[in-house]
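The listed protein sequences derive, respectively, from chains P and E.
According to the UniProt record's numbering, the stretch in the first sequence is residues 1 to 207, in order.
According to the UniProt record's numbering, the stretch in the second sequence is residues 1 to 207, in order.
Hint data in this document are derived by calculation from the structure and do not stem from the laboratory.
Fair warning: there could be bad hints in the mix.
Treat identical chains as interchangeable: a pair holds within one or across any two.
[To be verified] Each computed DMTMM-like pair below joins lysine to aspartate or glutamate, with the alpha-carbon atoms no more than 25 Å apart:
1) K113 - E139
2) K128 - E56
3) K72 - E158
4) K72 - D26
5) K81 - D91
6) K90 - E61
7) K113 - E25
8) K113 - E60
9) K128 - E61
10) K81 - E25
11) K143 - E158
12) K128 - E13
13) K143 - D26
14) K90 - D161
15) K128 - E37
16) K90 - E60
17) K143 - E61
18) K81 - E139
19) K128 - E25
20) K72 - E139
21) K148 - E13
22) K128 - D26
23) K128 - D83
24) K72 - E25
25) K90 - E158
26) K128 - D91
2 protein chains.
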Amino acid sequence: MGLLIEDDNDGGEVLIPPANFSMVEDGVYRSGFPQLENFGFLSTLNLKSIIYLCAEPYPEENLRSLQSNNIKLFQFGIQGKTDPPTPMPKDTVLSALRVLVDVRNHPILIHCKQGKHRTGCLVGCLRKVQNWCLSSVLEEYQKCAGLKWRQRDLAFIEEFDVHGLRQCLYSIIYQYNGYGLKRRKLLYQEENLVVQEQHKPQATKGW
Amino acid sequence: MGLLIEDDNDGGEVLIPPANFSMVEDGVYRSGFPQLENFGFLSTLNLKSIIYLCAEPYPEENLRSLQSNNIKLFQFGIQGKTDPPTPMPKDTVLSALRVLVDVRNHPILIHCKQGKHRTGCLVGCLRKVQNWCLSSVLEEYQKCAGLKWRQRDLAFIEEFDVHGLRQCLYSIIYQYNGYGLKRRKLLYQEENLVVQEQHKPQATKGW
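Required output: the full structure, derived from the provided sequences and hints.
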């Protein structure tokens with residue numbers, strides 16, 4: 001009989017996920033800002049990359065953890081709460097989305113500060129790429145934003161155009177075989193790979 | 001570059017997840033009651049089993065969909081809202097948990113009516129098996145229950161003893177290899193498999 005525990009936790013250590021943590025897709029996670037106490041939990045995810053959506057520099061402690069686990073950091077600086085509100089920058093979200101849908105970066109964690117607005121917008125755009133109906137996309141956004149959901153985020157997600165992204169993408173094929181084993185194949189389309197490289201942000205890598 | 005769409009949806013069909021849908025773990029999903037309009041989305045999950053937590057018979061339409069997709073139904077009849085409230089039955093939740101942690105039943109969808117209380121309690125117990133700290137378990141319960149969260153469900157999850165379950169379990173090993181490919185190995189422990197079979201509920205199978 002199988003027990004859903006991670007391979008590096010044999011039942012002894014209590015795991016503390018980051019605030020507002022949840023799983024988005026196979027190999028895609030979202031959360032609020034990871035604290036020191038969450039590093040043990042995060043190590044069970046075997047992350048390859050992190051998408052960080054705040055403008056502030058990544059804390060030294062977190063950088064060290066990424067370094068020791070060989071995790072790439074993709075930072076896309078988006079302003080948090082400002083007065084008057086700063087509109088969510090479409091181009092930046094599109095760039096983040098390009099990193100997010102590239103399975104070579106998975107397993108990947110998306111986070112901002114609370115995991116509600118910036119992260120919620122990016123995940124919402126991903127769901128549109130995945131062809132989810134809009135009401136389900138907005139329901140998911142609201143579930144993770146709780147009482148702090150913002151009308152302007154919903155409008156941003158609704159208006160976000162994913163057709164441009166679709167045109168430069170090919171597809172992941174999910175294959176399910178046998179006992180819960182799930183496989184993805186990444187199919188390349190050479191021309192599009194070139195397009196992607198041009199838009200790739202600078203990754204902090206290989207310290 | 002990889003696009004996170006399912007293999008049987010090439011971008012044309014709009015997918016409608018069931019209400020309150022979310023991913024719990026690799027191969028474990030939760031939601032409210034699936035309706036006809038959700039069947040297209042559910043087919044992309046390649047489900048092997050469903051855990052259904054209500055006392056009411058499964059609708060004929062849903063049964064037909066399970067049959068044509070060769071999906072096993074595990075029903076554990078738990079009462080919904082009653083006056084006075086019926087306590088969540090520990091033994092039934094434990095039996096459902098046994099089915100849930102057995103990766104041979106994955107990919108699996110857990111659902112009740114709203115995906116809030118009965119489903120939330122079962123997922124909460126799973127998180128305890130996974131050694132999540134209690135505050136994170138309760139945060140997840142509340143996120144999916146929204147304004148309808150119940151104090152007695154939180155108390156149930158807190159009090160639920162997973163040690164009995166742990167003793168008859170071995171482990172899943174997650175292995176992450178290369179481009180987003182994620183593998184699980186199921187390690188068997190023969191004695192425990194026997195224990196599990198004795199507790200296995202009647203599954204609706206192979207119509």
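Now the hints, each set against the structure:
no.: 1; hint: K113 - E139; verdict: both (21 Å within a copy, 17 Å between copies)
no.: 2; hint: K128 - E56; verdict: neither (28 Å within a copy, 35 Å between copies)
no.: 3; hint: K72 - E158; verdict: neither (30 Å within a copy, 37 Å between copies)
no.: 4; hint: K72 - D26; verdict: both (18 Å within a copy, 22 Å between copies)
no.: 5; hint: K81 - D91; verdict: within (19 Å within a copy, 47 Å between copies)
no.: 6; hint: K90 - E61; verdict: neither (30 Å within a copy, 42 Å between copies)
no.: 7; hint: K113 - E25; verdict: both (21 Å within a copy, 23 Å between copies)
no.: 8; hint: K113 - E60; verdict: within (16 Å within a copy, 46 Å between copies)
no.: 9; hint: K128 - E61; verdict: neither (34 Å within a copy, 28 Å between copies)
no.: 10; hint: K81 - E25; verdict: neither (27 Å within a copy, 32 Å between copies)
no.: 11; hint: K143 - E158; verdict: both (17 Å within a copy, 23 Å between copies)
no.: 12; hint: K128 - E13; verdict: between (38 Å within a copy, 12 Å between copies)
no.: 13; hint: K143 - D26; verdict: both (19 Å within a copy, 20 Å between copies)
no.: 14; hint: K90 - D161; verdict: within (9 Å within a copy, 48 Å between copies)
no.: 15; hint: K128 - E37; verdict: between (33 Å within a copy, 18 Å between copies)
no.: 16; hint: K90 - E60; verdict: neither (29 Å within a copy, 45 Å between copies)
no.: 17; hint: K143 - E61; verdict: neither (30 Å within a copy, 29 Å between copies)
no.: 18; hint: K81 - E139; verdict: both (22 Å within a copy, 23 Å between copies)
no.: 19; hint: K128 - E25; verdict: both (14 Å within a copy, 22 Å between copies)
no.: 20; hint: K72 - E139; verdict: neither (30 Å within a copy, 28 Å between copies)
no.: 21; hint: K148 - E13; verdict: neither (33 Å within a copy, 32 Å between copies)
no.: 22; hint: K128 - D26; verdict: both (17 Å within a copy, 21 Å between copies)
no.: 23; hint: K128 - D83; verdict: neither (29 Å within a copy, 41 Å between copies)
no.: 24; hint: K72 - E25; verdict: both (19 Å within a copy, 23 Å between copies)
no.: 25; hint: K90 - E158; verdict: within (12 Å within a copy, 43 Å between copies)
no.: 26; hint: K128 - D91; verdict: within (16 Å within a copy, 41 Å between copies)
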